[in-house]
Amino acid sequence: MAQQDITRRRFTDGRPNLRRFHQARWDEPIIFELSREGQRGVLVPEVEDEIKHEVGDVLATLPDGMRRKQPPRLPELSQAQVLRHYVRLSQENLGADLNIEIGQGTCTMKYSPKVNDQLARLPTMQELHPLQDEETVQGILEVLYRFEQMLKVISGLDRFSLQPRAGSAAIYTNVSIMRAYHAAQGEAGQRDEIITTIFSHPSNAACAKTAGFKVITLYPDEEGYPDLEALKAAVSERTAGLLITNPEDTGIFNPKIEDFVRLVHEAGGLCAYDQANANGILGITSAREADFDLCQFNLHKTFSSPHGCGGPAVGATGVTRELARFLPVPVIEFDGHKYHLNYDRPDSIGKVGPFYGVAPVVLRAYAWAMSLGAVGLREVAEIAVLNNNYLLKKMLEIPGVSAPYARGKRRMEQVRYSWEALTSETGVHSEELGLRAADFGVHYWTSHHPYVVPEPCTLEPTESYSKDELDEYVAILAHVADEARTHPAWVKSAPHNSTIHTIDPTPLDDPSQWAMTWRAYLKKAQQWEKSG
Amino acid sequence: MNEKQPIVYPYIPNSVPAVKEQMLKEIGAERMEDLLEDIPETLRLKGSLNLPKPLLSECALRRHVEGILAKNKTTREYLNFLGAGCWQHHVPAVCDEVNQRGEFLTAYAGEPYDDHGRFQALFEYTSMMGELLNMDVVNVPTYDGFQAAATSLRMASRITGRRQVLACRTISADKLSRIRDYCRPEIEIKLVGYDAGTGQMDLTALRAEISSKTAAVYFENPSYLGFVETHGEEISRMAHEHGAICVVGADPISLGILAPPVEYGADIVCGDIQPLGMHMQFGGGQAGYIATRDEEKYVMEYPSRLFGIAPTVVEGEYGFGDVAYERTSFAVREEGKEWVGTAAALWGITAGVYLALMGPQGMAEIGEGIMTRSRYAMLQIARIEGVKAPVFQASHFKEFVVNFDGTGHTVAEINKALLARGIFGGKDLTGEFPELGDSALYCVTEVHTRDDIDRLVSALQEVVQ
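As you go down the protein sequences, you meet chains P and G in turn.
Each residue of the first sequence is one higher than the one before, counting from 1168 in my numbering.
Each residue of the second sequence is one higher than the one before, counting from 477 in my numbering.
The following block holds chain G by itself, in its conformation from the complex (with noise of 0.2 Å):
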């Protein structure tokens, strides 16, 4: 291109000079500077920006973002069994199709009449989380499940006016670090340990740290290590039973198998919707689920948007708004609850088209298939010489601990020997939960097939001895 022609862009109309003349002409200016008048000449940046040389044509801005990106290894060239809050599953390709539409992908924030169709989606979203849950209430999706689980037990802090959280130890440390930030300045967060054989909650720990002090106690079902809390009902009576909230974390991949955790007495369930149809994106497919009863003392503590349905003046013609936007900080700044703003919208549209793709049946079929090939991927595993899979004696839905103690290999070794096969090992857990030894966390879903998982076994194998 001619140094000395002024570039036209093709994102940038305007650029072309004559129109840009017309334009300054119009409005009285002679130059682009007069424009610029309010920022003090001491406020204005020397010379230009020091970035990289641009890549004006398409063709070369691919070659390059591509390159770069081929420098990536994917889960499609290798077997991967790490889970940890972001999972592997299979993405039906309608919720591509339908996610990557103009018309969803730039939309924002358009009046229930231009955006209709944005309204409904995420109003058939919420409702088809609502028979997962069997709960009456779900917010349009807030940033992730750290958030949900963080927004939850403030809500809880509120709604019982106390400034207590007992928090089950199995939970990750990241998400562990999000609420405690996000809870510090009205709400303090004890852990409770577990079972160190089932990994379940330790009632009896439970039972002395609650008071009337305690706003609510949380869990995760299944737990961040991948088994399943049996416990759930003593939990949520001996919270109900001290005026707490229960609340629960629920992977809604889960639920076509698993009780919904009101049927157990949970409040407040929460959540990552990444299962449902997000690929991991290196982390960026996440997005919250915050589910209550209909009660108006926990409608009106939901920072989020809430879509409900209305009727128009055209008889049996649906339209959809905010409810109870009083509530929100658009409304009343920093009287609303919390704060709402731009999160992650397209994913939970994305995760309604995976839901009504998959219907009651798919649900079913799926929850039952990964909890078969997790159970055959942990049979298969103990059967190696000194390691032991799973760590806790329980049920387990798709992920479960696996300890190397006896095998004298380190986890870090015994990945990098993995890798060395084209196989992602399961998550490092010894930094976590250094109580578990030399423990990783492995993730086996309905992408693994049998010669998969045989695979990682004679890789295990081979790398043990």
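In isolation and in its complexed conformation, chain P is listed as follows (with noise of 0.2 Å):
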């Protein structure tokens, strides 16, 4: 046969071809199954002779009723085969390491430098008891105090608490700081609502929920802007305070946002700005510009520290000098010589979890954003930008899908898309759409619920992906919308190129056959093979 030079049959047109991806599938069993009697996986270090001899049987020591008969029946595995079962469930899945991760919008699924994850695990991060005395951990605290000071500028608030455990806990803790402020100011019955917009994460509405205020959600306007009329029937001397993301979840930034504030600081409340989409305007805009009283960064997801299959994170929360005093305790001073931990804050709402939060994604973020200076956070803002519309460019020629509200304008890091005309046309749903994208190696995600935009799509391709990913991420949609309409059964019955097929979701709100574990599992199981 003629040689040829085959890297030309990788392209079709002058165009790579799609992948011929498919994922891992090792059809892997549950752990349980994979137990043999009397195995082990680690070794635990034994009781030198002299302390037995001393100290005698101390289980003999515990009261009958406070000492375990049974031995847990967790499974026994020699260490290797620990580690392959692992090593092929971390294969089974489509981290940002791997795939063009841009189909998780209102997410941040930017790159996640290693040196940072290299420096985290350093014993000087990681053997650090939280409880040291402060001479020795003046390295951990300093680390802190610097990052503190980044936020202060990026922000323009004055003070920051790093204890809360991720966004959703950082918008409790603003909850819990508005509470704090209104009984201060002798209006802690009155005032017990709060207002947020249908487009802001749904943590907002459920924190100040929980936090026990009543819900106000306004809808946007026709084209997708947070409706201020709508604001000014909603506020009243009852008002505790706005919580609004902005740029809101369909990427479209709230010129008004200054009259928003206004018009809640009229009627005496407080404004949190929910910076969870700040990629695309650091540098650029902040809390301070807007007149906001609190904030908060999420910097598993703007500042870079990896999203860990869902945390840990930190949601990293900034008020104002006035609302300073209701942060959580400890802060953080410094002197000039030494870092300390402040504990002597009478008005403080207290704790809002262990310590001091989670060091090393501080200690992450505080990598990455030193990694780019001014400089390089304005460039991050701007390619997410950039990024972002050149998506919208290319997404837009795609028939079928369109870009709800501000119709014509620029948008900021992501955009809300509605496959709606696809759907029509062929019957395909925007989540099956997804589903056939994972066939090609990459994630997609509709939008959180309720679906206003219909059969939604949510994309934000960070500053991390280069034109030519974003290009493969556009070609992928482009061929599965392609399907929706010559193989319509075909994208309906994807993936067929994942780890496993069609999940039979039945069972997941069926209390007589849900298992959120195994032994569960075997219970019922047991029952259906007994009633045949």
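Keep in mind the hints are simulated off the structure, nothing from the lab.
Some hints here could point you the wrong way.
[Stated by the list, open to error] Okay, derived cross-link-like pairs now, EDC-like style, lysine to aspartate or glutamate, Cα gap no bigger than 16 Å in a straight line:
1) G/Lys547 x P/Glu1302
2) G/Lys496 x P/Asp1635
3) G/Lys547 x P/Glu1309
4) G/Lys892 x P/Asp1300
5) P/Lys1691 x P/Asp1676
6) P/Lys1690 x G/Glu771
7) P/Lys1423 x G/Asp514
8) P/Lys1281 x G/Glu573
9) G/Lys496 x P/Asp1638
10) P/Lys1423 x G/Glu513
11) G/Lys522 x P/Glu1456
12) P/Lys1576 x P/Glu1389
13) P/Lys1423 x G/Asp927
14) G/Lys547 x P/Asp1300
15) P/Lys1576 x G/Glu506
16) P/Lys1560 x G/Glu502
17) P/Lys1219 x G/Asp927
18) G/Lys547 x P/Glu1301
19) P/Lys1691 x G/Glu771
20) P/Lys1560 x G/Asp770
21) P/Lys1219 x G/Glu811
22) P/Lys1691 x G/Asp770
23) P/Lys1381 x G/Glu811
24) G/Lys892 x P/Glu1302
[Said to hold, decoys possible] Selected chain P positions facing chain G (in silico; Cβ < 8 Å):
25) Asn1260
26) Gly1379
27) Ser1665
We put the CB at the ideal spot given by N, CA and C, even for glycine.
Can you join these two chains into the complex? Each is in its own frame, and there are hints to help.
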């Protein structure tokens, strides 16, 4: 056979072909099924004979009812088996290290630099007890302090707590501070309403409710902007505060944000800027410019700390000078020589979690920001916005998709698209398009509930992906949209190249069938076997 | 680097000027500024952010950060006896190996298809915790043990429709602070005293306080002060007689030898999984668990995600998904139970790896080993004149209270002197428990050898004399 250049076969009409992807499929058993009696994964240090001799049988000192009678039925595996099992499971994920992770809009799935992970694993970070004498933890206190100073510059606010262990915990902290502030003003019972918008993260509404407030949710005007008239109707002497994301989850920046803040302030309420979507505005605008009283940044999003399958994380909570006295304890002080944890804060809302939050996440965020500086952070924001508007342009070339609201306008760092036209033409839903996209090795997400935008999908390209990668993602969606027309059944039965096939979700909502642990499953399965 | 050349950032592929230009052109914009048109001039920052000069190279960055961290003294260099909610246990190498893998580290919210491995690993974590606790439902981890306790109490309040919680006074002040702030709108927290001799919950006081208004009785085992509470059965019986729920906070690493709380009547069990394979990380390794029986009235009150197993269209293939998703704030915003969001999932996966490595025998051995060593430490410390250890006459697990009243020294003075000898002494309890005088909470685990303990004892001896 004549020799040929195989690289040519990877392109069609000058464009790269879609990947012939197949996700890892290990068909891995549940770990209990791998167990063999007597196997050991790790040995624990033996107690020295002298100690045993001196102490005797400690278990005999336990009252009968307090001693475990049956050993826990944990699996018994050798070490390498445990490792292989988990490495196989790890391969059955599409994390940001693997895929063009722009399909999880609102979550800012940017690159998490490896050097920062290495720094977070140094013994000088990992092997610190949080209650060590301050003299012995000056290094990590310095990192926390320095990062707080950076956040103050970025947000324009005056004081931060790094204690909340994720974005929602920070939102709750903001609400707690609002409550403490109104109590200090003698208006504790009176101000019982919190206002948010439907395109702010659901946790804004949920945290306010959990803290005991009545929630008023504003819907956008026809062009998708938060509705100032609706806000005017909502504010009153009962308003405790406003919790609002900006830009919202549609990627639309609210140009009247100052008016929103002014109206709420005039009514005596406080305003918290949910900066979960700050990636497109770093160095461009800030909470201070819009006159906010509080804000929060998600360090596992905007500041690059990895998402860890859903944490650990940090929700850095910032406030104005007036509200600083309510921040959780301790705050970190620096006297020019030494860093110090200050607990002497009588008006503080107290603790919002153990110790000082997730220090290694702050460390990564600090390292990331230090690698960029002012110019670099602005570059992050600008490229995030550029990538998004480029993606928008390319997405809209696909027949059947639209970008509702703010027509003809630019967007910030993300867009909530709608496949409504494609769905009415083909019967294929947005979620099904996403499962088919997984066959090409990318993740795709619809939106938070409720679906205000019909057949939604939310894409956020961040600054981390190249133009070619954005093109590849669009090519995948264009292909899938095309398939929805030509082979709708194939799309609806996706994924085909994933780790597993279509799940039957029935048991997940049926108390007689659901099983959240293996033991619960085995019990129920035994019942089914019995009843035939 | 030449100041005039624009910087191409390694983390920002499209910072290449030519690419930027091409992309702008494709979208019909002349300048970057055109893309920011919706942000009013009045809201624009004037000038650039006043941040420190960046460390553009990885080499310089590493040197800078390592330099700052080098100012820390670690528990590898110093002998550590601090616990109090964050404990020094050995972390098996495979735990680190698994949670460092980029596939887990950088995954987030993929579907049960793209992220099958994440779902299975977390389902296995909850399953192994279920075996340790003898309970059928365990959540995907919440932030930490504080949050787990606070949420457990709010669950109990919703289930019973009642608004009062009776909690044992031996709880940590920080945890109580979190619980109070979190429960404030719904629940009044009343503290029940403890027996000065044994530390055990004062059952007479509990009997006097408990009523048809009580939503839950909360205590910990082992307690924050380290002793084992032996009246679990009486406490839970009393709770149940009044229609209240018994909530127990338990240290999971004790459960290879201590009875799971469900066996003495607990309805909700909660705590922190940091001991199961997480480095201390200055308090960054915490993650909370909540466990209950598999009853709908309990399951439907969890705010957390619950992962369940489900069949797929292929015979014998395991699938996973969210159980009863409609109860969550993801599904129904403020109509959901509390809220759910990013929390501490990676630590859940890691704790699963830990339990799989340890197995039943490992958990039994580590529990007994810890208890033996801490008993040894108590016996040795008690020999020092003027020092009392343990303060409470009871069984202890890994922590115990040491009193220095008879030495004429404060805990602060003693800890300072120990520090000078390369030892982190126990947590000073004088602020939290003034009634205990000059007392400190010491923690001994499997990482401590006889030499370590003897070194502590001779240092204490020197210091108090």
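Open item on the list: So, against the hints stated earlier in the document, which numbers end up violated here?
Closed with: Hint check: 13, 20 and 21 fail, others pass.
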